[in-house]
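Peer 1: One-letter residues, chain by chain:
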Amino acid sequence: MLAELRDAGDPVEIAARYNDQGADELTFLDITATSDERDLILHIIEAVASQVFIPLTVGGGVRTVADVRRLLNAGADKVAINTAAVSRPEFVREAAEKFGSQCIVVAIDAKRVSQDGEPNRWEIFTHGGRKPTGLDAVEWARRMVNYGAGEILLTSMDRDGTKDGFDLALTRAVSDAVDVPVIASGGVGNLDHLVAGVREGGADAVLAASIFHFGTYTIEQAKRHMAAAGVEVRL
Amino acid sequence: MTTVAIIDYGMGNLHSIGKAVEHVAGNLRVSVTADAATIRRADKVIFPGVGAIRDCMRELQHLGLDEVIREIAGQKPLLGVCLGMQALLEFSEENGGTPALGVFAGQVRRFPDGLRDSASGERLKIPHMGWNQVHQHAHPLWADIPQDSRFYFVHSYYAQPDRAQDAAGTTDYGIPFTSALARDGIFAVQFHPEKSQHAGLQLLANFIKWDGQGQTGTILES
Chain A
858 MLAELRDAGD PVEIAARYND QGADELTFLD ITATSDERDL ILHIIEAVAS QVFIPLTVGG
918 GVRTVADVRR LLNAGADKVA INTAAVSRPE FVREAAEKFG SQCIVVAIDA KRVSQDGEPN
978 RWEIFTHGGR KPTGLDAVEW ARRMVNYGAG EILLTSMDRD GTKDGFDLAL TRAVSDAVDV
1038 PVIASGGVGN LDHLVAGVRE GGADAVLAAS IFHFGTYTIE QAKRHMAAAG VEVRL
Chain B
145 MTTVAIIDYG MGNLHSIGKA VEHVAGNLRV SVTADAATIR RADKVIFPGV GAIRDCMREL
205 QHLGLDEVIR EIAGQKPLLG VCLGMQALLE FSEENGGTPA LGVFAGQVRR FPDGLRDSAS
265 GERLKIPHMG WNQVHQHAHP LWADIPQDSR FYFVHSYYAQ PDRAQDAAGT TDYGIPFTSA
325 LARDGIFAVQ FHPEKSQHAG LQLLANFIKW DGQGQTGTIL ES
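Chains A and B are the protein sequences, given in the same order. For the first sequence, the working numbering assigns the number 858 to the initial residue and increments by one for each residue that follows. For the second sequence, the working numbering assigns the number 145 to the initial residue and increments by one for each residue that follows.
Watch out, some of these pointers could steer you wrong.
[What the hints assert, rightly or not] Per label pair, the in silico range of CB-to-CB distance:
| hint | chain 1 | residue 1 | chain 2 | residue 2 | range |
| --- | --- | --- | --- | --- | --- |
| 1 | B | 240 | A | 1018 | 33 to 39 Å |
| 2 | B | 206 | A | 922 | 19 to 25 Å |
| 3 | B | 202 | A | 1070 | 41 to 47 Å |
| 4 | A | 977 | B | 202 | 24 to 30 Å |
| 5 | A | 951 | B | 355 | 43 to 49 Å |
| 6 | B | 262 | A | 1073 | 46 to 52 Å |
| 7 | B | 314 | A | 1073 | 34 to 40 Å |
| 8 | B | 169 | A | 993 | 50 to 56 Å |
| 9 | A | 988 | B | 235 | 49 to 55 Å |
| 10 | B | 239 | A | 1018 | 43 to 49 Å |
| 11 | A | 926 | B | 167 | 23 to 29 Å |
| 12 | A | 1018 | B | 198 | 31 to 37 Å |
Think of the hints as simulated: they come from the structure by calculation, not from any bench. By construction, the Cβ of each residue, glycine as well, lies at the ideal position given by its N, Cα and C atoms.
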């Protein structure tokens, strides 16, 4: 069970709360690009990593090996690469060779491009889902794993923010295509969605942000619900 | 004041383990160091590591720390973590076969392909990444940690000790493997205690309190 830190509120305080509630990992993806804000983010990561002893993934705007190093040195355990992988796929290979695949997560934002009745097809979109790339999402996931990605963080741009549940067909297609853990993200509105992400989607982990951020459910409730449904979780 | 040396030989970021040790105990001086004298002087030594074994052994040899680790092993409490556990065995299959420190008799093997979860039948991925249960064998470092607690793992290779009594914990990932090793004052774990929340912090707290004694009661072979 992963919890994502969103930008509203004090991230250190929220991280501590999610940790107390039993989150298995924390993900912090909303890094913005200016240098002042980056320094601030590094301080936040240092503060979180000094108090919260579960894996921490940080991403957003990661473009260079130096960016990866800075985030790892600040206390991130894994760094998520998104747009920079699309602009220059070799960057993923360089980062994985330098720091090891175990700390390189490739974040994939995918949107369904097939029409109803056609075979499923999803494409990679960048810039928050606005910019199509023409890249097939399943092929892209496979390629990124070949380049050294140790994990795929898969977000359905169609579902993100809808509370309609994960795009399970997308999750299943990517999970079956690669041999590294796939984290499903985008669309969680209730606790059954989390179960479906693992059961039907084949996800290795599920990520949610707003249901926890707005207090709809606690992480403990989510994990108990998943355990009751027969999903193996740490309680 | 207790002094703790965390061996820094350039393999991975040691921020977390340093912070975690400071978090669990007061009146402690923690040094993250490659200095042999500091390591020899410390009351307790932590040997962490992330990455590939060949780089690990090369760096240790380059810094002269392979000898230091062999020397202190059994003399004072030593905690090996992840690659720091694997390096304590004699030999690893990684990187086409790599001789290691030989503090424990045995080998480091790669998980075979095609593993399946014994309960669900789901295909298991390599690396083994995430939270998994550790079945504890009696040892003071497990004090106050519930039996079969989950710890955070990231690895593709696992320790296979020659002597059954060296195993201090067992985990199942398609096959059962040794997730903790112990003998004399040495304890080593495949998982990351510094990323394993309450259970991991408790283990670190137990290590800081540990005098290196209180072995499982089995008689060690010479």
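Peer 1: Does each hint fit the structure? Answer for all of them.
Peer 2: Now for the hints, and whether the structure bears them out:
1. 240(B) to 1018(A): 33 to 39 Å: The hint (33 to 39 Å, Cβ to Cβ) is violated, given that residue 240(B) and residue 1018(A) are roughly 48 Å apart.
2. 206(B) to 922(A): 19 to 25 Å: holds, 23 Å
3. 202(B) to 1070(A): 41 to 47 Å: holds, 46 Å
4. 977(A) to 202(B): 24 to 30 Å: Roughly 47 Å apart at Cβ, these two residues miss the hinted range, so it is violated.
5. 951(A) to 355(B): 43 to 49 Å: Holds: the Cβ-Cβ distance is about 46 Å, inside 43 to 49 Å.
6. 262(B) to 1073(A): 46 to 52 Å: violated, 35 Å
7. 314(B) to 1073(A): 34 to 40 Å: holds, 39 Å
8. 169(B) to 993(A): 50 to 56 Å: Distance hint for residue 169(B), residue 993(A) holds at roughly 52 Å.
9. 988(A) to 235(B): 49 to 55 Å: holds, 50 Å
10. 239(B) to 1018(A): 43 to 49 Å: holds, 45 Å
11. 926(A) to 167(B): 23 to 29 Å: holds, 24 Å
12. 1018(A) to 198(B): 31 to 37 Å: violated, 46 Å
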